[in-house]
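> Position 57 of the sequence shown, counted from 1, bears residue number 57 in my numbering, the numbering being contiguous throughout.
What the hints contain is simulated information worked out from the structure, not anything from laboratory work. In this text, all values refer to a predicted model and were calculated from it rather than measured experimentally.
Each computed SDA-like pair below joins lysine to any residue, with the alpha-carbon atoms no more than 25 Å apart: (1) 86 <-> 35; (2) 141 <-> 127; (3) 141 <-> 130; (4) 141 <-> 73; (5) 141 <-> 84; (6) 141 <-> 68; (7) 141 <-> 39; (8) 141 <-> 43.
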Amino acid sequence: LILLSQLNQSLATVSLFLFVNGLLISFPALFLPLGQGITAVFLVSIFYDSGEPWDMGASLAPNLITFTALYYLRDRIQSNNLWVYKAVVLIANLVLFLYYTILAGRNYGVTSQFVFLNLIHLLVSELVLFLVAGLLITYQKDVLRMFNIDVDASLRAAK
Numbered sequence: 001l002i003l004l005s006q007l008n009q010s011l012a013t014v015s016l017f018l019f020v021n022g023l024l025i026s027f028p029a030l031f032l033p034l035g036q037g038i039t040a041v042f043l044v045s046i047f048y049d050s051g052e053p054w055d056m057g058a059s060l061a062p063n064l065i066t067f068t069a070l071y072y073l074r075d076r077i078q079s080n081n082l083w084v085y086k087a088v089v090l091i092a093n094l095v096l097f098l099y100y101t102i103l104a105g106r107n108y109g110v111t112s113q114f115v116f117l118n119l120i121h122l123l124v125s126e127l128v129l130f131l132v133a134g135l136l137i138t139y140q141k142d143v144l145r146m147f148n149i150d151v152d153a154s155l156r157a158a159k
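Please take these sequences and the hints and turn them into a complete structure.
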């Protein structure tokens, strides 16, 4: 999240920003036990809200709803096919992006420039996620293994 914040600060000079919350919510929903996943989503929500102009906790409900839906559907979408994970991440990212766009539009007003910039941000974010989601998922799994957490064993135990 800190690296993403730094990257977004750099991209702000060219009026771009990356939105990858779909990955930050999808990974805990697909690979972590319920308690750890909820904790991760809660912390991501607090961190995200701290840098935004809306009230603290505004992102918690949509993030938890997305997490819960993916968590309870993960048995159906769990396969070792990276394309399936990428599709789930992209759809979750799209849903959350639309929520935040509506929230920002309500706070700042909707103009044609606002819509155009948000469409550009969405397209760039989805493209970047499509290209790097597999690497980031593998990286996150490797970090868990580094702390002796066997993701696959956790998933089998949850079933």
